[in-house]
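Q: This is what each chain is made of:
Protein chains: 4
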Amino acid sequence: MKKRIFAIISKAEDGDLASAIFDYSIMALIVLSVLSIILESYQDIATKYASLFSVFEVVTVAVFSIEYIARIWTADLLYPDSKHPHVKYVLSFMAIMDLMAILPFYLPFISADLRFLRMIRLFRLFRLLRIFKLGRYFTALQIIVHVLKESAAQLIISVVICMFVMLFSAIIMYTVENPVQPEQFPNVIASLWWAICTLTTVGYGDVYPITTVGRFFAAVISLVGIGIIAIPTGIIAGGFSNAISGSEQKKEEKHYCPYCGKSLDK
Amino acid sequence: MKKRIFAIISKAEDGDLASAIFDYSIMALIVLSVLSIILESYQDIATKYASLFSVFEVVTVAVFSIEYIARIWTADLLYPDSKHPHVKYVLSFMAIMDLMAILPFYLPFISADLRFLRMIRLFRLFRLLRIFKLGRYFTALQIIVHVLKESAAQLIISVVICMFVMLFSAIIMYTVENPVQPEQFPNVIASLWWAICTLTTVGYGDVYPITTVGRFFAAVISLVGIGIIAIPTGIIAGGFSNAISGSEQKKEEKHYCPYCGKSLDK
Amino acid sequence: MKKRIFAIISKAEDGDLASAIFDYSIMALIVLSVLSIILESYQDIATKYASLFSVFEVVTVAVFSIEYIARIWTADLLYPDSKHPHVKYVLSFMAIMDLMAILPFYLPFISADLRFLRMIRLFRLFRLLRIFKLGRYFTALQIIVHVLKESAAQLIISVVICMFVMLFSAIIMYTVENPVQPEQFPNVIASLWWAICTLTTVGYGDVYPITTVGRFFAAVISLVGIGIIAIPTGIIAGGFSNAISGSEQKKEEKHYCPYCGKSLDK
Amino acid sequence: MKKRIFAIISKAEDGDLASAIFDYSIMALIVLSVLSIILESYQDIATKYASLFSVFEVVTVAVFSIEYIARIWTADLLYPDSKHPHVKYVLSFMAIMDLMAILPFYLPFISADLRFLRMIRLFRLFRLLRIFKLGRYFTALQIIVHVLKESAAQLIISVVICMFVMLFSAIIMYTVENPVQPEQFPNVIASLWWAICTLTTVGYGDVYPITTVGRFFAAVISLVGIGIIAIPTGIIAGGFSNAISGSEQKKEEKHYCPYCGKSLDK
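Chains as they are written, first to last, in numbering that gives the first Met the number 0: chain G, 0 to 265; chain D, 0 to 265; chain F, 0 to 265; chain S, 0 to 265.
Calculated directly from the structure, the hints in this document are not laboratory data. Some hints could be false.
Claimed, not checked - Distance condition first, Cα-Cα at most 27 Å in a straight line; then the derived DSS-like pairs of lysine-lysine:
| no. | chain 1 | residue 1 | chain 2 | residue 2 |
| --- | --- | --- | --- | --- |
| 1 | G | K148 | S | K148 |
| 2 | F | K148 | S | K2 |
| 3 | F | K2 | F | K47 |
| 4 | G | K47 | G | K148 |
| 5 | D | K148 | D | K10 |
| 6 | S | K82 | S | K1 |
| 7 | D | K82 | D | K1 |
| 8 | D | K148 | F | K148 |
| 9 | G | K87 | G | K148 |
| 10 | D | K2 | D | K82 |
| 11 | D | K148 | G | K148 |
| 12 | S | K2 | S | K82 |
As the list claims (entries may be wrong) - Not the full set, but computed from the structure, chain F residues with beta-carbon under 8 Å of chain S:
| no. | residue |
| --- | --- |
| 13 | L124 |
| 14 | I142 |
| 15 | P178 |
| 16 | V179 |
| 17 | F239 |
What the hints assert, rightly or not - Listing some non-contacts, in silico: residues in chain D with all C-beta distances to chain S over 12 Å:
| no. | residue |
| --- | --- |
| 18 | K2 |
| 19 | K10 |
| 20 | A17 |
| 21 | S24 |
| 22 | S64 |
| 23 | E66 |
| 24 | D80 |
| 25 | H85 |
| 26 | M96 |
| 27 | L166 |
| 28 | I188 |
| 29 | A189 |
| 30 | V201 |
| 31 | G202 |
| 32 | A229 |
For glycine and all other residues, C-beta sits at the position ideal for the given N, C-alpha and C.
Sequences and hints are given; from them, build the entire structure.
A: Here it is as structure tokens:
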């Protein structure tokens with residue numbers, strides 16, 4: 000029976016109807032759960048259907064709890080070679096997300112604060128990630144993840160450089176603009192908000208320099224901003240270019256030995 | 000005679016004057032039709048030349064209708080190997096667009112609502128796509144379409160990741176900013192508008208966070224926004240990089256050994 | 000003497016001091032001329048030093064005129080193999096720019112309108128392009144021009160697709176938003192302004208949708224905007240990737256004949 | 000003893016505890032020093048803990064001064080082959096930054112102006128760059144620096160083209176918009192602010208064209224802006240694409256013929 004339950008909660012094999020029904024039901028419940036977060040944000044809907052939302056919440060948490068326990072129980076079938084399969088599963092990323100999505104509802108002191116509760120329920124969004132495992136775009140996702148992982152070190156350095164430039168810009172801008180617009184640039188942290196808006200080229204327009212010196216520095220920083228965006232884009236583009244050409248090259252490449260002339264491709 | 004009509008409505012062969020005249024007349028009518036949509040949006044012009052616009056509309060729909068019928072009639076010449084050429088043509092993308100551009104004018108209950116009618120007439124814009132078939136840039140378009148198709152799965156995944164991040168950002172921002180600016184962030188859907196404006200770096204500046212916590216999350220989301228843009232750009236750049244190098248490699252591939260004169264391509 | 004004048008106005012050879020002095024004097028005069036356009040835009044400076052600006056203008060036009068005549072006169076030394084070297088030179092891009100920069104000052108009916116005159120003087124900016132010929136970054140510029148030329152057809156198609164999407168967006172947005180904000184979206188052309196601001200992700204924030212339907216379409220259009228930017232970026236990135244790897248590959252590539260094993264690289 | 004001091008102030012070798020403690024203490028002091036700049040920007044904190052900030056400042060400058068002198072003293076061990084190791088070190092980039100971070104505090108006429116002093120203290124941010132030398136992401140940084148250096152000439156040309164387009168746009172926009180909005184476009188330099196905001200797609204929304212002619216030019220300039228961003232992104236992407244594929248190719252290059260066993264690499 001344990002094997003059967005494991006088969007059901009695992010990704011459905013072709014022809015296993017019960018497992019497929021289970022997969023899609025859980026998916027539907029996650030989507031509905033996220034939808035209920037959106038709907039509850041409408042004041043009038045939240046008040047009108049308050050009891051409905053409560054019931055749905057209880058049902059959702061109950062189902063997710065049973066699923067969570069079942070997954071831990073069958074962890075030894077998931078990791079047959081592991082010494083401590085249950086511990087290993089509990090500490091996996093998806094299991095922690097699953098726990099975060101249900102745990103707060105068993106802790107009354109947390110669930111008392113409605114705002115904090117909503118934040119916690121956000122973890123259910125991560126449960127949506129399971130959808131990717133079902134879909135036929137899984138290979139495409141794996142390529143994206145692979146490219147990002149390959150260039151992770153360079154991307155982290157770009158972010159660090161970006162933060163360095165932001166801090167630098169913020170301190171300069173605070174010094175230049177604070178005496179003229181103390182409301183907009185009250186301190187370095189507030190000035191950092193401007194720096195981020197500018198370097199990411201979002202540019203809301205709530206804070207901007209008005210002095211000539213400030214505008215000069217802002218112009219230089221904006222131009223640097225293009226570079227700041229260009230570096231990670233370039234890294235990722237380079238990564239994809241090689242990921243694609245690498246897979247194509249393997250197919251097309253033909254090598255011959257210069258000594259005996261025989262083909263080196265088998 | 001059917002063959003002659005088919006030759007005329009198909010893309011003009013060199014020297015077939017009647018067909019070329021037909022092609023360019025239809026193109027001119029489509030462009031004029033789009034222009035009339037633009038001009039009618041000016042209140043004073045629409046009122047002044049109301050009758051002129053009506054007459055032009057009737058003429059346009061009449062010509063497009065005749066063309067549509069002629070194309071269905073000659074569909075068996077377009078798809079000589081197909082069992083049901085007429086059905087196949089009617090269900091093709093361009094034929095559906097053509098139908099959408101004329102059908103509403105035969106349905107009085109639709110054409111009664113002027114606003115809806117204008118939306119429907121937008122389908123004529125799609126008829127503009129036929130221009131691409133005439134132009135000399137057709138090869139360049141085919142390369143773009145080819146690259147986008149090749150990386151379609153990865154681009155779809157990027158869009159899905161993007162939507163996931165947007166929903167996530169919107170819920171966080173609603174939770175943080177709603178108590179302070181209930182007007183700007185009344186619910187999650189309104190908050191989603193902010194998330195889209197920020198992640199695409201458009202940043203109109205109609206909605207932006209004012210709390211410190213909100214600004215912190217907005218800063219993180221903006222930086223993620225750069226990554227969100229960088230991924231599809233990287234995918235497309237990688238695609239083009241390989242499309243160009245691939246086509247160049249094929250040209251250069253015809254080599255012969257200068258010593259024994261044998262072809263090096265197998 | 001003609002040969003000497005030609006040597007002076009051409010790009011200076013090493014050691015030719017007179018030619019080098021001429022080159023840098025003309026450059027300085029062009030830069031000063033552009034600077035005077037900027038300075039004259041300050042109302043108080045323009046009024047205070049009005050006579051100075053007039054004298055400088057006369058001197059500049061006089062020098063540029065003499066240079067222009069000298070260049071035409073020596074055109075037969077520039078194009079020794081051409082049948083009509085003077086005509087060929089007069090019709091070259093740089094010569095037309097040079098003429099545009101001086102001609103208006105000999106036509107009193109044009110120079111009467113100060114605003115139009117300023118626009119005309121902008122052609123002097125194009126004269127700045129001569130600086131590139133002097134500089135040591137000329138090779139880098141040639142690579143950029145080469146890559147842009149190689150992908151010109153695809154870039155043009157991207158711009159056409161971009162305009163198509165803009166027109167489409169503008170008509171939808173006008174239809175949706177006009178009844179609610181007739182001031183912001185009075186007609187399709189005004190709506191096009193919004194579409195351009197959004198698709199290029201500039202987002203000034205002077206015009207933005209306020210209806211839910213409008214925001215939904217704006218969100219879709221913003222996301223399409225990322226793609227619209229990603230395509231030309233991808234094309235250019237692909238072009239540079241191949242331009243660089245192409246030049247490197249030539250150096251590193253080693254081919255061997257599969258039949259006789261001899262090196263194919265000489 | 001000199002050798003020991005040199006070992007301590009140099010990057011710590013494995014097992015050298017004193018040196019590691021020194022490295023991380025200096026890092027901590029730099030980070031704290033930057034933090035104090037941020038904290039002092041809060042008016043109330045600056046007033047309340049004025050004496051604390053003064054003491055911390057004196058301590059920081061004292062430590063940095065001792066470190067600076069020690070580094071100069073041991074410069075002959077850093078550059079054993081140089082004739083003038085002390086002069087060489089004093090003129091190195093990091094040494095100049097180090098000096099800039101302490102020198103102003105010994106010059107009373109500079110330290111009198113508080114605002115200027117804060118700007119000067121920004122040089123301490125550059126001292127943060129030393130962190131990169133410690134970190135394990137040093138290789139990733141070197142690749143980024145290498146790619147940027149390789150494409151430096153092309154990037155400089157892009158910036159020059161960008162500035163050319165900006166100046167051009169500013170003069171056109173001033174001419175078109177100045178008569179209608181003299182407040183927003185008072186002169187060419189102010190108009191340049193608009194051009195930079197638009198071409199970098201930041202778009203604060205503090206200045207934008209309102210005339211139809213101005214909007215037309217702004218639309219064209221915005222579209223050019225996409226290209227302006229696409230060129231450096233493309234250059235950097237191309238550089239990374241080749242840097243990655245180049246390093247991968249080198250690793251894979253060691254092949255042997257399976258038939259005759261000879262090395263295929265020469």
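Q: Compare the structure with each hint and give your call.
A: Going down the list of hints, with the structure as the test:
With a CA separation close to 24 Å, the supplied pair K148/G and K148/S stays within the 27 Å bound. Proposed proximity of K148/F and K2/S is contradicted: the alpha carbons are some 59 Å apart, above 27 Å. Distance check on the hinted pair: K2/F and K47/F sit about 44 Å apart at the alpha-carbon level, beyond 27 Å; violated. Between K47/G and K148/G, the direct Cα distance comes to roughly 47 Å. Violation of the 27 Å bound is thereby established for this hinted pair.
Annotation: proposed proximity of K148/D to K10/D holds, straight-line Cα distance about 25 Å (limit 27 Å). In summary, the hint linking K82/S to K1/S is supported, as the alpha carbons are separated by about 19 Å, within the 27 Å threshold. In summary, the hint linking K82/D to K1/D is supported, as the alpha carbons are separated by about 19 Å, within the 27 Å threshold. Of the pairs offered as hints, the one joining K148/D and K148/F holds, with about 24 Å between alpha carbons and a cut-off of 27 Å not exceeded.
Straight-line distance between C-alpha atoms of K87/G and K148/G comes to about 23 Å, which keeps the hinted pair within the 27 Å bound. With a C-alpha separation of about 19 Å, the suggested pairing of K2/D with K82/D holds against the 27 Å cut-off. With a CA separation close to 24 Å, the supplied pair K148/D and K148/G stays within the 27 Å bound. Distance hint between K2/S and K82/S is fulfilled; the C-alpha atoms sit about 19 Å from each other, no more than 27 Å.
Checking L124/F against chain S by beta carbon gives a least distance of about 6 Å; that is within 8 Å, so the hint holds. Against a cut-off of 8 Å between C-beta atoms, the interface hint on I142/F holds, since the closest Cβ of chain S lies about 6 Å away. For P178/F, the suggested interface contact is broken, since its CB lies about 23 Å from the closest CB of chain S, more than 8 Å. This hint is violated: V179/F has a C-beta 21 Å from the nearest C-beta of chain S, more than the 8 Å allowed.
Contact between F239/F and chain S, as hinted, is supported at the beta carbon level, the nearest pair being about 3 Å apart and thus within 8 Å. The beta carbon of K2/D is kept farther than 12 Å from every beta carbon of chain S, the shortest such distance being approximately 45 Å. Non-interface call for K10/D relative to chain S: holds, since the shortest CB-CB distance, roughly 30 Å, exceeds 12 Å. Under the 12 Å C-beta cut-off, the non-interface status given to A17/D relative to chain S holds; the minimum distance is some 38 Å.
Residue-level check passed: S24/D sits 30 Å from the nearest beta carbon of chain S, beyond 12 Å. Every Cβ of chain S is farther than 12 Å from the Cβ of S64/D; the closest lies at roughly 36 Å, confirming the non-interface assignment. At the 12 Å boundary, the C-beta of E66/D stays outside the reach of chain S, the nearest C-beta of that chain being 34 Å off. Under the 12 Å C-beta cut-off, the non-interface status given to D80/D relative to chain S holds; the minimum distance is some 43 Å.
Against chain S, the non-interface label of H85/D holds: every CB pair exceeds 12 Å, the least being about 43 Å. Distance check on M96/D: its Cβ is at least 27 Å (rounded) from any Cβ of chain S, clearing the 12 Å threshold; non-interface status holds. Against the 12 Å criterion, L166/D stays outside the reach of chain S, whose nearest CB is about 25 Å from its own CB. No Cβ of chain S comes within 12 Å of the Cβ of I188/D; the nearest lies about 24 Å off, and the non-interface call holds.
Every C-beta of chain S lies more than 12 Å from that of A189/D, the closest at about 20 Å, which supports listing it as non-interface. Annotated as non-interface, V201/D brings its C-beta within 12 Å of a C-beta of chain S; the closest such distance is 8 Å. In this structure G202/D is not separated from chain S by more than 12 Å, as the shortest Cβ-Cβ distance comes to only about 7 Å. Against the 12 Å criterion, A229/D falls within the reach of chain S, whose nearest CB is about 9 Å from its own CB.
In terms of the numbered hints stated before, the structure departs from hints 2, 3, 4, 15, 16, 30, 31, 32, listed from lowest to highest.
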